[in-house]
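J.: Going down the list, the protein sequences come from chains L and S. So the first sequence is residues 0 to 304, counted in numbering that gives the first Met the number 0. So the second sequence is residues 0 to 395, counted in numbering that gives the first Met the number 0.
Note that these hints are calculated values from the structure, not bench results. Idealized CB from N, CA, C, for every residue including glycine. Do not rely on the hints blindly, as some may be mistaken.
What the hints assert, rightly or not - To list a few chain S residues with every Cβ distance to chain L over 12 Å, as calculated:
{"hint": "1", "residue": "D69"}
{"hint": "2", "residue": "A97"}
{"hint": "3", "residue": "G99"}
{"hint": "4", "residue": "A280"}
{"hint": "5", "residue": "E322"}
Said to hold, decoys possible - Derived Cβ-Cβ restraints for the label pairs, each shown as a range:
{"hint": "6", "chain 1": "S", "residue 1": "D6", "chain 2": "L", "residue 2": "P144", "range": "54 to 64 Å"}
{"hint": "7", "chain 1": "L", "residue 1": "K128", "chain 2": "S", "residue 2": "S38", "range": "49 to 59 Å"}
{"hint": "8", "chain 1": "L", "residue 1": "K128", "chain 2": "S", "residue 2": "D64", "range": "34 to 44 Å"}
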Amino acid sequence: MNRRTDGQTRTRRRKHRSRNRSYAARRRVWRESGLVKIGQQLLLVLVAFVSLAPLYTALTTSMTPRGELSGGGIAPPSNPTFDNYILAWRDLGFQGMFSNSAILAVSAATATTLLAAAAAFALVRFRFKGRTVLMAAIIGAIAVPPIVIIIPLFLTMSDFGWVNTYHAAIIAEVGLLLPFAIFLLYSFMKDLPKDLFDAAALDGAGSIGQFRHVALPLSRSALVTTAMISGIFAWNDLLVPLILWQEGRFETLMMGLATLGPGRTGVRDVPLLMAGVTITIIPLVAMFAIGRRALIRGLTEGALK
Amino acid sequence: MAGIAFDAVGKVYGGETRAIADVSLDIGDGEFVVLVGPSGCGKSTLLRMVAGLEEITEGDIMIGDRVVNDVAPKDRDIAMVFQNYALYPHMTVRDNMAFGLKLRRTPKKEIAARVEEAARILEITDFLNRKPKALSGGQRQRVAMGRAIVREPAAFLMDEPLSNLDAKLRVQMRSELGLLHTRLGTTTLYVTHDQVEAMTMGDRVAVLKAVADASESNLQQIAAPRELYDRPVNLFVAGFIGSPAMNFVYASVDAAGDPASVRFGPHSLAAAPDSLPEGVADRSGQEIVLGVRPEAFEIRSAAGAGGSSMNVDIDLVEQLGSEAYVHFKVPVPPVVTADIEALLADEGSDTKSLGNETRFTARVNPDHAPKAGRPAELVVDTAKLHFFDKETGDAI
Chain L
0 MNRRTDGQTR
10 TRRRKHRSRN
20 RSYAARRRVW
30 RESGLVKIGQ
40 QLLLVLVAFV
50 SLAPLYTALT
60 TSMTPRGELS
70 GGGIAPPSNP
80 TFDNYILAWR
90 DLGFQGMFSN
100 SAILAVSAAT
110 ATTLLAAAAA
120 FALVRFRFKG
130 RTVLMAAIIG
140 AIAVPPIVII
150 IPLFLTMSDF
160 GWVNTYHAAI
170 IAEVGLLLPF
180 AIFLLYSFMK
190 DLPKDLFDAA
200 ALDGAGSIGQ
210 FRHVALPLSR
220 SALVTTAMIS
230 GIFAWNDLLV
240 PLILWQEGRF
250 ETLMMGLATL
260 GPGRTGVRDV
270 PLLMAGVTIT
280 IIPLVAMFAI
290 GRRALIRGLT
300 EGALK
Chain S
0 MAGIAFDAVG
10 KVYGGETRAI
20 ADVSLDIGDG
30 EFVVLVGPSG
40 CGKSTLLRMV
50 AGLEEITEGD
60 IMIGDRVVND
70 VAPKDRDIAM
80 VFQNYALYPH
90 MTVRDNMAFG
100 LKLRRTPKKE
110 IAARVEEAAR
120 ILEITDFLNR
130 KPKALSGGQR
140 QRVAMGRAIV
150 REPAAFLMDE
160 PLSNLDAKLR
170 VQMRSELGLL
180 HTRLGTTTLY
190 VTHDQVEAMT
200 MGDRVAVLKA
210 VADASESNLQ
220 QIAAPRELYD
230 RPVNLFVAGF
240 IGSPAMNFVY
250 ASVDAAGDPA
260 SVRFGPHSLA
270 AAPDSLPEGV
280 ADRSGQEIVL
290 GVRPEAFEIR
300 SAAGAGGSSM
310 NVDIDLVEQL
320 GSEAYVHFKV
330 PVPPVVTADI
340 EALLADEGSD
350 TKSLGNETRF
360 TARVNPDHAP
370 KAGRPAELVV
380 DTAKLHFFDK
390 ETGDAI
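Same shape as in the complex, but just chain L:
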């Protein structure tokens, strides 16, 4: 009697389990079915389209002869030309603007990354009074919009007599970029194993040696990310060069685009503007293509454990 009851319970349990299994199996089948995958792919295609369509339009429009603007559309121009590029590059001064933008972006990115690395290392390795307050101030500074401080910045720079000098905009740009760069590198370096620094100290490295031989090489991906983000920010920045580089010889690509852009009387010359836009974004696209993996690694990965 007893045994039979046991047997029945077991059968019932087995049945119950099999029902559960079939439910899980059904879910798995649904998850692995083509439908879900197709949905995901469609979404990605849509996102890619939204991102790429403006670039495509800029490219095709820039190759349309002047005055032939058809009003957009996705068809490539019937008789493509590079005239707009030649005009912008040679006659409208985009060549000089390109080199100014490059000077600003490269110097700002380099200086920002090195200074931020040193600061982050100090914040991670040294225990000093006011460290927490300093860290909070740095993080708080990320939230300050550049537009708020641009006038005081201009006044300070003119007090120094630095307006219309290369270093004025570079220093200002570095100042604006540092808080975020320090935060990014600090988050990375604080996860580096402490023992490595201790080992280096016993091996004969002072603070600078530990920075050079341990912190910097181990933070390579984070350094690349910081440099790329800083470079992009400086390259794309209009405000700082507009205020501190007022002479024509300092004009950057962003300033050039602003003059080509829509005025009060409407857009002046769209194909020419698009040629300028394309010139401006080519270096960024190239940089992303080269540094994509390092950028993703620096943003998503922590330090090795």
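Keeping the supplied structure of chain L fixed, place chain S upon it in accordance with the hints.
T.: Just chain S now, with coordinates in the frame of chain L:
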């Protein structure tokens, strides 16, 4: 090479939390000394103070004949092996080992020669061009050792260097480290929480205990392994060294008769008066703490006739093949002192877990192991009894 000396060394964190108090000990040139103790006893802190990675807030530490309190780590001429090896992941094994020498501007030829030599000793020549990532735990351990020995430092500091290895490899590396020390003869200060490592590797072993304030010292006893085992100075050392741990029970000694008798609960052991430590006779009639190592017991059938014995009911028998552990209870409330509490805390339990009876473990001949649930007669080697003051915990 040089010795290391601690003179009344103390460490207080942030002006309030005390980690180390009044540690004084001398480590001779070429000696291998092990610091052992439960977690939180300050052993790693002491080691890091020698390395210069922790500030010394009281007393002096000397390496050779130089006080190093204010000397930077890099100028102390010591090498350290870390628990997780701390190999530079971006450098090859060769560069890891050469790093310290490069920073000291050693000529390239000499660096190459020393690295090759160390790699040969440690049998890692084949891995010299690999990164640490591509090595197994045991190989990384060897590289970490190699990085220490190429420097030819005055002393080695080792912070639980074997604890990340699996059990088998740990045993192997333990003997290799011992051989390496014999070969190099470099002064070594070795930290571990594993008493087997401590007992097998150390010329001398220092047992440390956590302290709350400056009224006591972390250092409980420093002695050769056998001395530590045979003559522990207090309950803490007696309870920490030895596995299974020493059995403790409240007892009283009647030293008037011949033989003298040691009584606890229903049991009475007869002992020759001259086999008892001096001082025990003075405590005749008083309650003291009796300590009996598990191996002081033997089953009657294995021990043969004669000797003092006690009859107990066996609760549990653990047969290990080479020996058997026999568990039984004595109807006496368990011994509770500060030392016992500290030892229990390290095992993650407290005095409440002890109940109202005292549990005993005996290590007996596996061929004569009794059955659980049956009575058995255990012969006790009364020459191996330990006696402690029940208030202070000090050995009598």
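J.: Give a verdict on every hint.
T.: Structure-based check of all given hints:
1. Every beta carbon of chain L lies more than 12 Å from that of D69/S, the smallest distance being close to 15 Å; the non-interface claim holds.
2. A cut-off of 12 Å between C-beta atoms contradicts the statement that A97/S is not in contact with chain L; the least separation is 10 Å.
3. The non-interface label for G99/S is inconsistent with chain L: the shortest C-beta to C-beta separation is roughly 4 Å, within 12 Å.
4. For A280/S, the requirement that its beta carbon stay farther than 12 Å from each beta carbon of chain L is met, with the minimum near 53 Å.
5. Once the 12 Å rule is applied to beta carbons, E322/S is consistent with being away from chain L; the minimum gap is 39 Å.
6. One distance hint, 54 to 64 Å for the beta-carbon pair D6/S and P144/L, holds here, with the actual separation near 59 Å.
7. Between K128/L and S38/S the C-beta distance comes to about 31 Å, which lies outside the given range of 49 to 59 Å.
8. The given range of 34 to 44 Å is respected by K128/L and D64/S, whose C-beta atoms sit roughly 36 Å from each other.
The earlier numbered hints that this structure contradicts are 2, 3, 7.
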